[in-house]
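2 protein chains.
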Amino acid sequence: MSRKIIKPSPISGFPEHSPSIRAIELSWIDALRGIFESYGFCNIETPSVEALDIIAAKGEVDKEIYVLERLHKQDGDKEARSGLRFDQTVPLARYTAQHFSELVFPFKRWQIQKVWRGERPQAGRFREFYQADIDVIGVDNLSISFDAELVSIMHNSLTSLPFMPKFTVHISNRKILIGLCEALEIKDAPAVLRTLDKGQKTGIQQIDDLSWYGIEPLNDTMEAGINELSSVVGGLSNFSNVSVDLSIVRGLDYYTGTVCEMFLDDNPEFGSVCSGGRYDDLASSYINKKLPGVGFSIGLSRLFDYVKSTGSLEDAKRTSPADVLVVIPNKDLEALANETADTLRSRGIKTELFHAPQKIGKQIAYAQKKGIPYVWFPPFEDGGAHEVKAMKTGNQSEVSPDEWSVT
Amino acid sequence: MSRKIIKPSPISGFPEHSPSIRAIELSWIDALRGIFESYGFCNIETPSVEALDIIAAKGEVDKEIYVLERLHKQDGDKEARSGLRFDQTVPLARYTAQHFSELVFPFKRWQIQKVWRGERPQAGRFREFYQADIDVIGVDNLSISFDAELVSIMHNSLTSLPFMPKFTVHISNRKILIGLCEALEIKDAPAVLRTLDKGQKTGIQQIDDLSWYGIEPLNDTMEAGINELSSVVGGLSNFSNVSVDLSIVRGLDYYTGTVCEMFLDDNPEFGSVCSGGRYDDLASSYINKKLPGVGFSIGLSRLFDYVKSTGSLEDAKRTSPADVLVVIPNKDLEALANETADTLRSRGIKTELFHAPQKIGKQIAYAQKKGIPYVWFPPFEDGGAHEVKAMKTGNQSEVSPDEWSVT
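In the order they appear, the protein sequences are chains G and C.
First residue of the first sequence? That's 726 in our numbering, and the numbers climb one at a time after it.
First residue of the second sequence? That's 726 in our numbering, and the numbers climb one at a time after it.
Careful: at least some of the hints might be erroneous.
You can't tell identical chains apart in this list, so a pair holds if it fits in one copy or across any two.
Said to hold, decoys possible - Straight-line distance between alpha carbons at most 25 Å, and here's what the computed BS3-like set of lysine-lysine pairs gives:
hint : residue 1 : residue 2
1    : Lys1075   : Lys729
2    : Lys1114   : Lys1087
3    : Lys1014   : Lys798
4    : Lys1015   : Lys732
5    : Lys729    : Lys798
6    : Lys1114   : Lys1033
Since the hints were made in silico from the structure, they are not lab data.
Whole structure, please, built from the sequences with the hints as guidance.
Following this line, the structure appears as C-alpha cells:
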C-alpha cells in the first residue's frame, strides 16, 4: 500500500497505560474514592481550565502553566486568557468562594483529577498527572479534630491501594518552629521554613513520640504548636507507623499548623507520597471571609509510576473486567448463550459473550489471554446442564445461571 | 479590609456543578461504567493532549481545537505543537495502532473522559464536556453480532441513568442508501449522505419494522445492507423502543454499515443523545492493518445538562455520600462516637462523624442540610443502647453498630 502512515508515538510527559495496567490504576482510584466517601466526603470536579489571572496568582509556579489558544482564533474574538490547572488547591479556593452560598460547612470534599505542568520536555517529568486531594474547609474556625481525621483517611487510603509498599507518616506542627524563630528573633520565619524544607534538615528528625513531649515551649506560639501536635498524635494512636518529625515543614507558605508527609519505608529518597496540613485561610483572594482548612494530597500518578517501576504490576494480565466468558459452541446455541450471558449480568456478574461460534479451544484461549477467570458452557443438548470451568484450577462443574456466583 | 478581592466567575462553556448535582453526574458515570463492564469492556484513558498533526488530521474540526502553549516557553525549547482532544475516536485510533501488540482483539473498550472544543465564546456551547464511548475493534474483520450488542449496551446504559427521560433507538444501514446511490449512478454517495444528514431528510422516516423488509434490493450493496440491518434488528427484538429509520445516515464519512441515533421521545429536536455505527477501518492513518470496528458515543454532559434544565434534579439535596451521621453528644463521648463511626465504616456503611461536641439539635440540622438519611446516637450512659434516627420518618430505634444496616 502506498498510503502515508503517521507513526504514532507517546508525547513525553503524558503517561498512557495498556488496559491491564489501567485496570490497576482504576482500582486505585476506586479504592481512594471508597475511603473518602466512607468518611462522608463529597466529590467536586472543577473545569480543567481557570482564568489566567486566577491560576497565575501564585508567582512561583507560573512558568509551569499551560495556556490555551484556539487554533483558528480570529482577531475579533475577545476572550480572557486561560490555562490548565496545575494543582487542585487553587481551583478549590476559587470554587469555595464562588459557590459559598450553596455549600454546607465544614465543607468536606474529595477530588481526583488530572493536573498539568508545562515542564521542559527534556526533564522527563510528568506534564499530566492525577492528584487525589481531600480538604475540609470551615468558616471562621475549624475543629482540630479534623487534622487527625484527615491523616487517618489518607493513611487508610494508601493502605487500601493494591500493591502499595509500606510507608511511614511523619508529622509536625509549624507553630513549633515558628515559635522557635520568634524566640530567636528571626523575623522572616517563612524563609527559614522554606530553607529547612529544601533540604537543610534540622537534625532533630524523628524524635520519637515520647521524647518530644519533653520540649520546653519558649513562648505561646510554641506552646500552641505542641498542644495541637499532641492532640493530633493522640488521635492517631491506633496506627503504628506514625512518627513525630519536627523536620517536616512543607515548602508552601500557607501552612500554619499541622504539617505532614508520608514516605516509603524502602525508599524515603523518593520523597513524600502524600502530604498536607492545616492552613488559616483558603480563599482570601476571592472572598471577604476567613476560611481555615486542612487538606492532603496524594501524588497518584507519581506513586503509581513508582510502584509500576518496582515490577510489582508485572503479573497484571487482566485486560477484561469480566468474571466470565460465555462461549458459543455452535450457531444453534448462539441465542441460548446470549440469554445465559444476560441472566448472569442481571445477577451482577460481569460477563463477556464470545462473538461468534468458533472452536471451543479458540474461545478458551481468548479467555486465557484476557485473564477472564471463568469460562461458561451452555448445554450442548436439550435438557443438558450448564458447566463452568475455573481457569486457574482447570476444574469444571455443572452449574445453574440463576444460582452460580463468583467465589 | 483593604485587600484586593478577585471576584471568581465561571468561564463560559466550562460547566461546574454544586456538590449535590455533581453527585448525580457521578452516579451517571458509575451507572454507565457498570453496564460497560458488565459486558466485559475494559477501560482506557488517553492523555488530554495529542500531537497536533494527529489531532488536526481531520480538516473539518481543526478550527475547534485548543492548542497548548507553555506560559514561559523559551526560544530554545523545541517541541512539537500539541492540542487537547476534541473527541475520543481520534485518540482511540492512535492508541490502538500504538499499542497494537499489547491488545487482545476484538478489542472492546469503554472510555469516559472530557473533550474540548474551542467554540467561539459567544456561542453558549460547551467547550469542555464528557463523552462516554464504547467501541469494539477487530483485525481484518469483525462479527456483525457486535452491532446489536453495542446498541443493546447503549440502550441499557441510558435506561440505567437516574432521571433519564424516555427515548427511541433509530437504526439504519448505510449500505442501503449507498446502494441506492450506486443504482441511480450518483458518484459522490458520501456527499449525498452528508446532505441528507444535514436536514434534508428522505421522507422515508420511521418505516415500521415490518414494512421495510419489503424493500427490493437494486444491487448487491443494497442487499448486503438489508441483510445486515435485518440481523441487527433481529438481535434487538427484546426492546420495544427500536425503530428502523432509513433517514438516519450520520454525517461522518467513515461509517460504512450500521448507523444509529437515539432521540428523546419528548424532545426529538434536541438531537441525538447517543449515536454511532460501523466503520471499515479505524486507524489506516497509523498502521498498515485493516481494523474494522463499531462504536457508540453518549454526549454525557450535553444530556445531563438537558435533564438538569427540565428541573428533574431540583430535589437533589444530598451533598454528602454518607449514609449516617454519628453525633458527639458531649466531650466524654467523643472517643466512643469515633469508635462507633469506625465500626460502621468497617462494615461498608458510609459514615460522617460530627466534628465537635455541640448541641444535638445543631448536629441533626447539619445532617438535614446535607441530606444524610440517618443520625446515630452513641449511648449517653454506660450500658445504654445505641440509637439511630431515620430522618425521613423521624423514627428512632435501638440498634447495634455491629448489626445495623441501611434499609
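Legend entry - Same-copy or cross-copy closeness of Lys1015 to Lys732 [CA-CA at most 25 Å]: For Lys1015 and Lys732, the Cα distance is within 25 Å only across copies (16 Å; inside one copy 54 Å).
Inset, instruction - Tell me, please, which holds for Lys1075 and Lys729 at an alpha-carbon limit of 25 Å: within, between, both or neither? - result: Neither, since 41 Å and 55 Å both go past 25 Å.
Inset, instruction - Since the copies are identical, ignore which copy is meant and state whether Lys729 and Lys798 lie within 25 Å (CA to CA) inside a copy, between copies, both or neither. - result: Neither: 29 Å inside a chain and 32 Å across chains, both beyond 25 Å.
Inset, instruction - Can you give me the call for Lys1114 and Lys1087, within, between, both or neither, at a CA distance of at most 25 Å? - result: Cα proximity of Lys1114 and Lys1087: one copy only (15 Å, versus 57 Å across).
Inset, instruction - Since the copies are identical, ignore which copy is meant and state whether Lys1114 and Lys1033 lie within 25 Å (CA to CA) inside a copy, between copies, both or neither. - result: neither (31 Å within a copy, 46 Å between copies)
Inset, instruction - Measure nothing new, just compare the shortest in-copy and cross-copy C-alpha distances for Lys1014 and Lys798 to 25 Å and report within, between, both or neither. - result: neither (39 Å within a copy, 37 Å between copies)
Violated hints for the displayed structure, listed by number in ascending order: 1, 3, 5 and 6.
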